[in-house]
Every structure is written in C-alpha cells, then in structure tokens.
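K.L.:
Each chain, written out:
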Amino acid sequence: MSALLDIGELAKRFDVGGKRLLHAVDEVSFTIGRGETVGLVGESGCGKSTLVRLINRLLDPTSGSIRLAGTDLADLKARAFAGNPNRARIQMVFQDAGDSLNPRYTAAAAIADPIRRLKRLSGADLRRRVEALADMTGLPRELLSRFPHQLSGGQKARVGIARAIAVEPELLILDEPTAALDVSVQVVILKLLQQLKRELGMSYLFVSHDLNVVRLLCDRVLVMYLGKIVEEGPAAEIFADPRHPYTRALVSAIPQAEPDKRVGRLRLSGEPRSPIDPDPTVCRFYGRCPRGEPRCAAEMPLLRSAGPARQVACHFA
Amino acid sequence: MLPLLRHARYVLSENPVTGLAFGLFAIFLVAALFGPLLAPYNPLQSNAAMALKPPSAAHWFGTDQLGRDIFSRVLVATRLDLTIAFASVILAFLLGALSGVAAGYFGGWTDRVVGRLADTIMAFPLFVLAMGIVAALGNKVINIVIATAIINFPLYARVARAEANVRREAGFVEAARLSGNGEARVVLGHVLPNIMPIMMVQMSLTMGYAILNAAGLSFIGLGVRPPDAEWGIMVAEGANFIQSGEWWIALFPGAALMLAVFCFNLLGDGLRDIIDPLKRT
Amino acid sequence: MTAVPALAVEDLSVEFRTRSGTVKVLEQVGFEVDKGETVALVGESGSGKSVTAFAIMGILDPAGKVTSGRAMFGGADLLALPERELAEQRGRELSMIFQNPRTALNPIRRVGQQIADVLVRHGGATRPDAPRAAVEMLKKVRIADPERRVEAYPFELSGGMCQRIMIAIALACRPALLIADEPTTGLDVTTQAVIMDLIGELAHESGMATIFITHDLALAAEYCDRIVVMHAGHIVEAAPGRALFAEPRHPYSAKLLAATPGGTASLAELASIPGGLPDLRRPDLPACRYSGRCERRIDDCTRPLPRRSVGDRHIVACWNPL
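Protein chains in written order, with my numbering: chain A, -5 to 311; chain B, 693 to 973; chain C, 3 to 324.
What you were told as hints is all true, and nothing was included just to trick you.
Residues from chain A shown here face chain C by an in silico Cβ test under 10 angstroms; the list is partial:
#1 37
#2 205
#3 209
#4 265
None of these hints come from the bench; they were simulated from the model.
Even for Gly, the Cβ is constructed at its ideal location relative to N, Cα and C.
Modelling step: build the complete structure from the supplied sequences, incorporating the hints.
P.N.:
Structure follows, in structure tokens:
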C-alpha cells in the first residue's frame, strides 16, 4: 500500500505566556495508506484534537511535514488554505453533528456548501449532486429542506457525512462520529461509513474514545499520550496484546460483561504530567505508570519496533 | 419562500400583539409611501383665516398657528421620519454589526480597535453627541442619519461581537472553513446569518430611538427645519400652544411618534420569531 | 429476599404536557433496589430512564406530572411527600450525581465550599468544622493533594476530578440511595473505570443502594448487580447482568445486545434495530410499545403487558419471550 498521508515529525507548541510552551503535539510521525482505516485513541488532553486540526489544515504546525500523496501541505498557511486546490482532498466528519451544522442552513444548503465552494457547481447540477449524496448516505430526499433542529441525531449524522464526502476527499477524518448516537443508530452509521469507504476509495483517520468501535472499524491503531505516539500496530494485535503500559490500562478499562474475558486490570492513578515545558529526558508516562524505574526518568523512550508493523515507546515493552 | 410565509402566518396567528404591530406598520408604510397623495390638504399651505382651529370634520386633527392642516402634516411627515429612522438603522447596522462580528470572530487587534471606538462613543451622553455631530457637519437631514447611526454603533457592535464570539468555536464554523470558505465568507455567510435574529430585534428597537432622536434634534432646531413637516418639529411648535389651550397641535404628532415607537418595538420580536429557524417546529 | 428493599418503585407513570399534546413518558414502571445493591437502568434515548430518576427525586420538569405510582423509600412514599420534607431527604438520605460534572457544580464557588454546604445543611456539621470535613471527603474520593484542591474552582479541575467532587458532595452525608445519571459519559475510558470502581467501593463500604443510569450495556454488566432494560417508557426486562447477556428473553434486549460492539469480531455481525420509537403522543398506543417493530409479535401483544418471572430475579414483560 502506498502511503496517502505521511506525517513527519509534526509538532505544535502553544505559547502560554512567560516564554512557556505547551507541547500539544510532539514530533509525531506516522503514515496512512490508501484505503486504510487508522484509529487514533488517547485520553482528553493527549493532543488528538490538535493533531486532527493540524492534518485537516485548520491549524498551522510549529514544525514538521504533512505530505498528502507527496505534496507537503504544512507549508501552506491555514488561513489561506480554504482557497487552495488541495482543500477538497482532506475532509472531516465531526463529533457533534448538530453543532457542526449551521442552524440557519437547511440540510441541502449544508451539503451544497463545499460543492459550491470547491467544485464550482451550481444550479441544476448542484441540486442533482446534493440529491445523489442524500441517496448515498440514506437520507430521505424530503429531509433536505429541513433545518438541523428538525432532524434526529441519526439524520444529522448523515447530513454531516454527505457534506464531508461531497467533494470526494481522499482522506476523511472522523472525529467520534457516533459518540452522540444511540447504539442501534451507531451500527447503521458505522456500516454506512464502511460502505462509503469502499465505494469511494477513501482512507479514514478514525478518532474515538470508544475502543470497541475502533476495534471494529480500524486496520491499524495509534495510541497517543501527552502529545506523543506511544504505541502503534494492527488493531487486533493492539487489543489482544497491548505492550505499552498506557495501552494496557486503556484496553483493560473497556467495560466487559463476561468476567472471564476481562483483561488483566491495570488501573491508572493520578493525573497526567503537565504538557507545559515537559522535561525531554523523562518519559511522559512516568509517575503514573505502574512500573517506574530510574531509567524512565533519565531517558525518553522512543518508538521502536516490537514486531512486524508494531512499534512501542517504552523501555520495557 | 412558501414555508417562510406559512410560518409567518403561524407566528402572527399565535401572537395577536405581533399581528397588531404588523398592522400598524402596514398603516405607517402606506402613509409613508402615499402620504402626499392621500393628504386632503397641502401640508405647506398656510391659511391665516383657519389658524388654531380645533379638530373638526373638515380638519380631523385641527389646524396649527399658520392654518395648516395638521392631519395632512402628520401624514406627510411619516415619510420623512420613517426614512430617517430606516436610514439610520441600516447605517448603524452596517457599521456596528459588521465591525462587531469581525471583532468577535477575529479577536486581537480588530477587537481592541472596535472596542476602543465603541468606548469612546459611549463616553459621551449620546444625545449631546448627536447634537454635536449635527452641529459640526451641518444642519441637514443626512447628518441626522449619520449622527443617529454613530450613537447607536456601540450597541450594535457589542451585541454582534458577543454573538460572534460564541459562534466562533462552533463546529459549523470549522466545517465552513473545511468546505473552502475563506475567512470573509465564513464571517459573512455563516456567522452573520446566525446573529440576524437578534440583530432584527436590535434594529427595530433602534428604529424607535432613531425616530425619537430625529424628533428630538428637530425639536431643538437641529436637522429638519420649518416649514418641513416632521413630527418632532410639530411637537416643538405645538408645545408653545399647550398652555393657551390648543392641545391638538402637539398631541397628534406626539401620538404618531408614540405609536411608531410602540409599533417598532413590537415588530422586532415578531420579526425575530419569523426569521429564526429555531422557532419553527 | 425478605429484607425490605431500599427503594421500591411501583406502577410509576409520568406524563408531560407539550404544545403538541400529552406525552405518556413513563407507564407503570416498577422495580426494586435492595440495600447495598447496584441496579442499572439501561435504555436508548427516549426510553425514559432519566425521567424515572427525576420523578423519584422530585425534580421533574414543571411540564411533567406523576399520574400514578409510588416510590417507597425509608417507609414513606417519595412521590407523595410534600416538597419541604422531600428537600430534607435529598442530600441526606437520597442523593444524585449527574452527567456533566463541570456544569453540575457551581462555577463560582470553590469545591470545598460546595461540599461543606451539604455537610452543614444535611450532615449536622457546624460551619467551623465543615472545611476539615470537606478535606476528609476529598481524601475519601482519592483526590491527590486534598488540602490544596479543596480551594480550587471547578474550571481548574479536570472532568474526572469534577466527577469525584460531585461524588464527594453526593456521599457526604452517607445517603441510603444514590442515583447516578450517566456519570461517566464523556469521560475517558480509563477515568470511567476509576470512577466506577470508586462508586462501587464507597457503596460497598456503607451498604448504600445505587441506581445507575446508562446507555452502555457492557458498563452496566460489569459494574452492576442487576440490569433493568427500558424501552419507550416501559420496563421490558430485568435480570442479573450475566443472565441478561447470556440469555436475553425480551426481543428488544436481544436486539440491543446484537447492536452493541464489543462481543463481535466484525461490523457485519452487528445488527441495528429495525423501526423506531413510537410517537408517544398518540392516544392509541399499543399495550406493548415495542410490538410495532417486533418480529415476534403475536395477537396476545395487544393485551396489557405481563410480568413474567423466567429465572432467578429475572423478569420479562413480553407475551412471546425468547
């Protein structure tokens, strides 16, 4: 699989006053291949949202590269990116569909907006395209003239998806797309996403808290902690055999109905270390990790291979 | 369009007071558009023989000290007063709402500049500032419009800024940027439409103040000058005659003023209900 | 079990008056919670699980009205108590924690003060003693550095910490019953596990009964003794967690399980639930509100719902159970 997206040493540091820097994303590197679904998991504050905004170019990185099929998008300023021909290649489905739809725009207007702006369609052609997208996402055509507050959660989610795929992106970022949905609606939406990916040949970056859903949908998983990727590998393996202590804690925390299926419980205590001016020689997980040895405070563990297609950033994994 | 009209009819039927306001507004509109045609007498025509006559069948509102028919004058003045009010409100909206939205959305220097500008204006007693502006720019109707717009600027800017600030973090703003909307388009095409309902209320409330402002300025001799018919001047002229018992000269234009302000205040709420999609079920 | 349950809800029905009609949000909801037991109320949105909790606590929206039923607690019917007496119970014997911890706390009061408020109001503590007691509560909910944290404002604390504060406030007076309305929705899975463990331990320590409202079946199964499944204002099934997962008897429970990711290996094996919720404003609602979308519907389903016992503490409200 050739890489569609190649992230190289991407970093974002925010100035929080007094010459202190908040390291939201810290030298992150990974790739997403064509037709792949890569999952991104991590707790709140780990830098997932910032990373997502860097990739979809709503935010400028401090350093690093964002290569989309060879073109480095990091050089282009976020402010001006809206007018760039590459804008249509990366799109996003938002977590809260209701919040991501303009309350004063009908469903049709919301879906038409990117097409109008990026594909320059108008009139009857535009109308036809919007209707085709509604059909593709299972949104009944009568609902196109409705406003967001007149639609159900599942319907809003479909509008959000239709809008995101309207300009035929190569990479679709899904930020907790089913978090606000009931479980039965979630099934339908997840299956829809799966189907659309195949039909339109997209790659997905799937960000989620819900590890069960990540396990279902993703080929590979990236685990993030305090701005760094701490583990990476095929989804099935990560869940069956997590190596990094944080990943182990994550996986063992997934609620499990059957007692015998519960993976060795690893409970995390305390709060994460501060992301402001972190010590570059101390492992970010040190202090919260059940295993903390002197080496952890003297040498930052780097991502290294732990098997075919597996990487872990821990001295003891 | 059709669903909008249907919704409008629903709003009006739900709330009779809004219906009343719209009815009044319609009357004012007709008076403004067709006043001169409908006036039974020439509003500028003096007739010394008929001076200071109380309301009668021939002169519904009586006559003033120059024998002019007050009803005709009140009717014809509608056009002038409404025009001044509309123009001021639209100018205030353009200046205030646009800078306010920009300040709220972009923050930083834009916010600081707009903020200081608004603060400077608000540091003055507003009516005195209006007087000063008209006095400085010259005693013309256009300057009343400008003065009124300026003194209303801070209010619009404040409200617009607050609303834009809230919306700036919203998902749909990010989605708009992802959809290829440049910053200007996001602000004008996505954020601004969302603050329009509250701006509508703002505009119609300010219409009332604008009319009062114009009347007030004319009352003290700035702005509209005799013999033009304008409610404010008419009240000013009529004030001299109240003590001697000719109450009708000030009352009728005063009542027209009152009704107009009342009408516009109510209109604001109704308009917002019609325009705001969230009110639709 | 011959011991008196901590809470016994019988035949609870609630209606809401809206612009478009009367909505029969709950109909004849009944369940029990024993001392020291954790019962989960599980359902999708619109199932009525939160309304049940609000009705018990007496904090229903003004448009809502309890039209029938009792909630026996401590020998009295909560639904019949006058507001003054109910207010005495709330915070002392009966406590609740909510979904969004940051918004449930007063943003302009320090967290220590908020805990102290409850202790003074219901716990019989005096004003001078209260701050120390608040620090003790913080230790109990395992907040590190409690002497310092007690002075913090909610916005300075993370979501997980705010939830612990809420738990501290709720448990300050050692209530007999705790109602937790989706307390971990929105929290990270690791924080969720810690919070759930904490609630479980504190409940176990004091023999407190807990009602836990959630849409997450697996969470309910792992942390709760029994699960009560709700659909469109009805209770459709109630069973111990393992029994429900191993042998769901109500078609809706089975469908819910089949739609929950976690057990299956692939997306293709998950199935959505056909149809949708019935319109609860209709005056002609069928006796079984699931029958409209049930593939096992038989003629009997128009009769009023039964409460069949199908196992140890396992009841199902269905004429044609699995």
